[in-house]
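> Residue strings, one per chain:
Protein chains: 6
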Amino acid sequence: MPHQPIASLAEGAVVQQYFLVRAAESRTDKSGKPYLSLVLGDNSGQLVARVWSDVLARCPGPFVPGDHVGVQGQVGSYRGELQLTVRYINTVDALRDMGKSLEAYDPDLLVQATPYDRQELWQDLWQLAETEIAPPLKDLVLHLLTQHRDAFLVTPAARLYHHPYLGGLLEHTWFVARHTLASLNIYPDLNRDLALAGAILHDLGKIIEIANPPAPELTVSGQLLGHIVLGWDLVRQAAQTLEFPDPTLLLQLEHIVLSHHGSLEFGSPIPPKTKEALLVNFLDDLDAKLKMMSQHLESDAGPGEFTSYHRVLQRGLYKGGLVSGQNGATEPEPEK
Amino acid sequence: MPHQPIASLAEGAVVQQYFLVRAAESRTDKSGKPYLSLVLGDNSGQLVARVWSDVLARCPGPFVPGDHVGVQGQVGSYRGELQLTVRYINTVDALRDMGKSLEAYDPDLLVQATPYDRQELWQDLWQLAETEIAPPLKDLVLHLLTQHRDAFLVTPAARLYHHPYLGGLLEHTWFVARHTLASLNIYPDLNRDLALAGAILHDLGKIIEIANPPAPELTVSGQLLGHIVLGWDLVRQAAQTLEFPDPTLLLQLEHIVLSHHGSLEFGSPIPPKTKEALLVNFLDDLDAKLKMMSQHLESDAGPGEFTSYHRVLQRGLYKGGLVSGQNGATEPEPEK
Amino acid sequence: MPHQPIASLAEGAVVQQYFLVRAAESRTDKSGKPYLSLVLGDNSGQLVARVWSDVLARCPGPFVPGDHVGVQGQVGSYRGELQLTVRYINTVDALRDMGKSLEAYDPDLLVQATPYDRQELWQDLWQLAETEIAPPLKDLVLHLLTQHRDAFLVTPAARLYHHPYLGGLLEHTWFVARHTLASLNIYPDLNRDLALAGAILHDLGKIIEIANPPAPELTVSGQLLGHIVLGWDLVRQAAQTLEFPDPTLLLQLEHIVLSHHGSLEFGSPIPPKTKEALLVNFLDDLDAKLKMMSQHLESDAGPGEFTSYHRVLQRGLYKGGLVSGQNGATEPEPEK
Amino acid sequence: MPHQPIASLAEGAVVQQYFLVRAAESRTDKSGKPYLSLVLGDNSGQLVARVWSDVLARCPGPFVPGDHVGVQGQVGSYRGELQLTVRYINTVDALRDMGKSLEAYDPDLLVQATPYDRQELWQDLWQLAETEIAPPLKDLVLHLLTQHRDAFLVTPAARLYHHPYLGGLLEHTWFVARHTLASLNIYPDLNRDLALAGAILHDLGKIIEIANPPAPELTVSGQLLGHIVLGWDLVRQAAQTLEFPDPTLLLQLEHIVLSHHGSLEFGSPIPPKTKEALLVNFLDDLDAKLKMMSQHLESDAGPGEFTSYHRVLQRGLYKGGLVSGQNGATEPEPEK
Amino acid sequence: MPHQPIASLAEGAVVQQYFLVRAAESRTDKSGKPYLSLVLGDNSGQLVARVWSDVLARCPGPFVPGDHVGVQGQVGSYRGELQLTVRYINTVDALRDMGKSLEAYDPDLLVQATPYDRQELWQDLWQLAETEIAPPLKDLVLHLLTQHRDAFLVTPAARLYHHPYLGGLLEHTWFVARHTLASLNIYPDLNRDLALAGAILHDLGKIIEIANPPAPELTVSGQLLGHIVLGWDLVRQAAQTLEFPDPTLLLQLEHIVLSHHGSLEFGSPIPPKTKEALLVNFLDDLDAKLKMMSQHLESDAGPGEFTSYHRVLQRGLYKGGLVSGQNGATEPEPEK
Amino acid sequence: MPHQPIASLAEGAVVQQYFLVRAAESRTDKSGKPYLSLVLGDNSGQLVARVWSDVLARCPGPFVPGDHVGVQGQVGSYRGELQLTVRYINTVDALRDMGKSLEAYDPDLLVQATPYDRQELWQDLWQLAETEIAPPLKDLVLHLLTQHRDAFLVTPAARLYHHPYLGGLLEHTWFVARHTLASLNIYPDLNRDLALAGAILHDLGKIIEIANPPAPELTVSGQLLGHIVLGWDLVRQAAQTLEFPDPTLLLQLEHIVLSHHGSLEFGSPIPPKTKEALLVNFLDDLDAKLKMMSQHLESDAGPGEFTSYHRVLQRGLYKGGLVSGQNGATEPEPEK
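Line order of the protein sequences matches chains V, S, H, R, U and Y. Final position of the first sequence in my numbering is 336; the numbers increase by one with none missing. Final position of the second sequence in my numbering is 336; the numbers increase by one with none missing. Final position of the third sequence in my numbering is 336; the numbers increase by one with none missing. Final position of the fourth sequence in my numbering is 336; the numbers increase by one with none missing. Final position of the fifth sequence in my numbering is 336; the numbers increase by one with none missing. Final position of the sixth sequence in my numbering is 336; the numbers increase by one with none missing.
So that you can see chain V by itself, here it is in the shape it has in the complex (with noise of 0.2 Å):
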């Protein structure tokens, strides 16, 4: 039985396959019996589960955030929400101690993640920066982007709201990026290096506000903190490394970095003062807003013209849009 997304799993579902287990939580039934509520993910979305007392007793685990599990179980359906009522379920390591075929077992179909190839993403990263951005800035942003290449390559962009998975980061800074350079062809009196350097870090600092990428959680320094200051301390302690020899150049690419969320209310401690930074701020709110559109449309199984309300973007979103190939793929692909 081939895995079948988790996108694509409808109320009535018969399942017999593997998940990731995001989330775990032991509770007891009205009855006043144990069972187990989980958030089983793969590489398509989240499924909440059930393993009442009858499995459990059968199935103990235990089952915690980051375990592969196999499954088998039924969907079907809780206030709206599709839910999955478990019937065996145990982990990839104790089924594989058990001698059991994982032939269908493939970790890789488990994780969400950026629809595309992250290798080629950050490529294409690179090459832009070493083409289009000159030296001193050049230095300072492939210094960087060397030094933190792993965590970049697995970073989300957020932990909920856009871009929540592997590469969401890179996949969110490859579009900004890209999105900056064609806009200064139209805008050919900005900076050029200054805002595609500022382009490249400005999110940096959410590889040390988010960890664990799989299941992405904030770190206590993001919490306390936050990754605006924390990536323009990146970007700051390298230049000191490097001995920028710019200043001032310096301190509008920290400009940029500081006041990307574009006021104090969205906790910019400062707002853009150079056509640089706006610009960087307009590209960057548009990318993140599109991908929330994007995932909330996608999300959206039920019936109706307009999707259910968009808690952050505070409406709900206009589905008679979308017309099928219309605009050649499903998902935007990187310019090769």
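Check each hint, because a few of them may be wrong.
What the hints assert, rightly or not - Calculated cross-link-like contacts (lysine-lysine; reagent style DSS-like; alpha-carbon spacing at most 27 Å): (1) Lys319/U with Lys138/Y; (2) Lys33/H with Lys33/U; (3) Lys33/U with Lys33/V; (4) Lys33/S with Lys33/R; (5) Lys33/S with Lys33/Y; (6) Lys319/V with Lys138/S; (7) Lys138/R with Lys319/H; (8) Lys138/U with Lys319/Y; (9) Lys319/U with Lys291/U; (10) Lys319/H with Lys291/H; (11) Lys319/V with Lys291/V; (12) Lys33/V with Lys33/H; (13) Lys138/Y with Lys33/R; (14) Lys138/V with Lys319/S; (15) Lys291/S with Lys319/S; (16) Lys319/R with Lys138/H.
Unchecked claim - Label pairs and their calculated CB-CB ranges: (17) Leu242/Y with Asn212/V: 24 to 32 Å; (18) Ala23/S with Ala94/Y: 44 to 52 Å; (19) Pro303/U with Ala13/V: 30 to 38 Å; (20) Asp106/H with Asp246/R: 54 to 62 Å; (21) Glu305/H with Gln16/V: 53 to 61 Å; (22) Pro62/Y with Gly320/U: 41 to 49 Å; (23) Glu265/H with Ser299/R: 25 to 33 Å.
Treat the hints as calculated values from the structure; they're not laboratory data. For every residue, glycine included, the Cβ atom is placed at its ideal position computed from N, Cα and C.
We have chain V; now place chains S, H, R, U and Y onto it with these hints.
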């Protein structure tokens, strides 16, 4: 004596040249004598002028907004702003009647206008609509451009805050449309026709909202209804005339026009509920703010590395980043 | 067994009567068995109902919004709200086909509607327009009333918050118009024709914004454009048809319609700039809020001298002030 | 030479008449010579005046707010506002002592006051309370009116923004009370006695908050406590004195007074939680805003179809709608 | 079996002990059977309990808020929160009537109260007033403390958000008064008597606003008028009784009470206009927020270094900083 | 002729003494003649001065901010503010070169500074850190104090709004730190070392944000980055240098610095999430606001019991409460 652009006048300068009267008001000085307070303009800016009572006796006028006048005087300053003390003033018409030589009079120098060739902007915009938008939206856009060509070529984009000059709407629309085209390469999943049509038509209502382009003022319908709904009405009526065949597509275009200010508190009766509307909202806002920054930076002749406080942007701007010549021309130019 | 109004049902009540299906959703219970979650309505309110799997097997439906159904069951409560456990359910059509007696079936009892006689409200509103407004505004108002009579008689004033029932728009408009007439005696310097025409037409766009009056839902154009501009467009087109002779007067009427929400953040693209627009804005808002208060007070069956928190009004309401009979009838009645 | 109302003075007018001194300040001009800056008033408005040093030598004063003065001079303008250059000034008392004829002196012309007959307003308000309110609220209202009659007849409704003149509170209260009476016919389910008593007493605290009606200023308790709670205290104490028999009814009246500004950010410590409180809140706000509009429209003598920006209403107003004579008298008159 | 504090109960715990009934509601389960939903309390917290239909048949009650009850049951969890499944329940009164031993029953364990000795807090507060405040403010403060001693000793400081328990107002007032005394050493230019009197009396109106301290609820006058003006009224009336000799000083004290919420949007009809009012406003707000933090940190038993989101503070709190024992006692203690 | 403090100058005063030039600007008067507009300062305040053209011819300067100048002139007023008409002006350096006696010249009188002995404040603050904070935070605080001693002794706490003078940061920090120490006695459960270290370091970034203490101006990095993150960076770098041993403790200190403005809209990228951060946030804000009140009350020489409107505090202040001598010295003094 050649025309000295207002933007280049400094304290102490002696002037003998032509100006446009943008505003005129009769006042009395502290000793009770009448004098004239004028705002004079040319294609580089505006200047306050005073015709004190002794001069006024010799040059009684009258002078009304829109007059082209020959002026002699000297530039001083009052409360930190330049001010012209007039020693002689008369209208070009009167001077002509008096048989004076008007050799140095060039009306083109007196009216502030977009720095771009308006014919080129227009043709480029037209071509963009013709080649990049598919029917039926292409037909609707070209119909509206044809219908409102004369007004579109002269109307400012705003009375005060950005592009407040002849052809400002055309310049602003050109930038938003070109930028939209560039952005669609980054976000190919958007409906291309819709986004481009929305970009070109989003501010169309300005041609009704703003009258008298050389000295822009708001019309009664502009102040009682506003350009957002006036533009929507133009689109709606044209679609009716053309018997636009796709009502759903039309609704989405109307939605872009109505929602392009991005949120209720900025005057849109509805927030953007499609990706195309979101894109046009962002690129419109970005172009306006970048232009406000440019205008404020250019008008700041004072010392220091920051401009004065900008009332709309609610911040001072950093001037230190302007590196002359670094990015080529000091003014952006339309792509050929 | 006579029809028991939903508003009078208490926990434990046994019901055997007819309802309107307002919403229907298939779900599965914790043990994975399918059940049906319904919202049933009559002319006094709404009630959540559950058709558990055993009953569902006997009464498979299907049941869709708008259906009139015969139901047997008992009222319980869940999480503090009443809930009907269904023991039998079938559509009136099916029951008829089965030859059942439908003696007790009265469709008039099932749909929530204004407590007033809609024909009387309509005639009174018409007469008000005919006798109190002078031409040319009278002609415009009567033309629009004639043109949209059918929709005006049934459309709710809102989907959820106030007058969300058949004839709600008519009731609301009647109150605002009558109140405007009364206020003009206090403020005779206002333009009487303008204020009255604005009062009658201010919410006209609701007839396009809201569809399916018995179970109101927002239309696509309602959600993409909104009733404010849709109503303005109706007025504008009618004026064009009638070749309305006084463009300045028309502009002021259009302004009342566009500005009647009072400020940008409440969705008007322009704030009221005339006294007539201010008056209509206040009396519209006051009628909506008084109705919300009435509805909230009536729906509050709990103990205590204050209602629960009202999400829109952002406060609880005082119930102690309701002195039965002090002011005559429990419901206001239109003046004859 | 008859008294020329300030509101009718134009640039160039020669004046020889009497004024009220509303403010007086000694200054020095640029050459270091002392001069006097005055604000003069009459029953039609206010005017800035200058007594330059040469005149001041002859007319040394002193002049203090409240003085009635005889003045000769000419009207000019400074920075766009009219300004009187004084050629002679002396107090009426000094002129009388000097044996001058004061034939043209009419103190009634000098103080700004409600355009209505205050005795008529008072009697009408009293009668409204006596005939329309039932005991025990009638007794409480009449007791408070009797107790504070003198202050009620002279206090302005505000220091600056609306009805800022002798009898302004009475005029404002009369309109709110009359309007409440009219509204109760539309909404008969409201508690009539409560709404009317609240309408009459809502602003009673103004008699403590504002002192010196001809030149209104805020008292210390007005600025440290505010009229809302001061008025509540007056009601509460009167009820104690009268041993008001219905504590629940009294609480609701107190609530109307405390909540009449409608929300916390406008200074009410509590929002309206009853329909009666909501009604008084709306009709109070409406009367104040309509009066602000009237005052702003009347004070706008400039060209154009819109007034200047109104700082409190945050908009310019449309002037084009004023059609002289269309609705009868240019000033509303109390119903007889 | 000794009393197990609610705060220490974990899933699976078996309980046989006494509780306070804080809320009680009759419901029916999905199969239509009636059950009872209770909120039980003791001096350490609150717990939701369910009496399912089979148990309810044996233990029909009735049970009302305020009852002391004996309970047997087991702790489970529902939707992530602990919940007690009751196996037996009866009131202490009924148990006594049945001749049951009530040996383990200790009413002091059932009511949540300040952790401090209320008599000590009271005496310390009294002494502070007596020794640190000079007449006539001392006389006024002591008069009010004497007059309202009984209520002051039991009233909570709030119904929900901070110090929501017996003696909470006293504890809060003690902290604010002690803190004010300490702050006056840093800012000796403030009026000491005024600041201390204001600190002690600022929340006095709570004794009228909140009723029934063991299960706090808002009174009608509390909801229609609010504690700010109610407290002001108490001060004002006491001053009248005492014929307070210094009206200016009294006004400033009244101002502190009215302005202690700091701004209009937080319910003060006037913002602090004196240094003393500003100090009391800050120290009141600080004590409330510190207590909210303490309560939220203590109630958070979950894993992770941050608490859940606090709805009033609008943030999660950092838990990692709590170093047990570092600063001595886990609870602050009044200075002796 | 002894130095007359600017704060004591009244209209008509003749001055012959020394001032600091705080600002200088060349202008022309209405007749086109050049004059000089100066802002002069001494240790008591600031004063606008005019050097009209005739005087300017004799005293051509140049005069630049920071110059100490000898001045003769007379105090007049313009638009309600005092203004000095200069009759002679020259720099102290030029006067010295001319061999003039500078007997009365005392540079200490010319610069506005904290009224406290800065050395005493410094030693007291140092001692507080040394005796009240335990390692390792003590070491970090002392390291930073040592490192930045010179700047800390002179930097103002703000450019305009509070403590805008030499040593202002030191004075402000001293008050916040002392107050924190006092508050910790009331709230002993807080981490003492953390709160005190945070209190001392919270505004450290001001030493980079503000330059030129006698005439404070914002630096480029101050305007592009802001003192909050600049101070955080100083703390972070010092901790790195010292190899601070407790990363969790350090994070909490960094959090205090970053969150000390209390909320995002006031410029902190993160709100306070610990009690220590909340305490420092409150005591910082309180000290700034109390100082603003003091400064505004002191600068108000006008009549009436309330000051003019304070633009930042958004209210007028009550002056009647100032009872000279009641609480000892007119200025608070550091505790010894």
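> Against which earlier hints does the structure fall short, listed by number upward?
Result: hints 13, 20 and 22 break, sorted rising.
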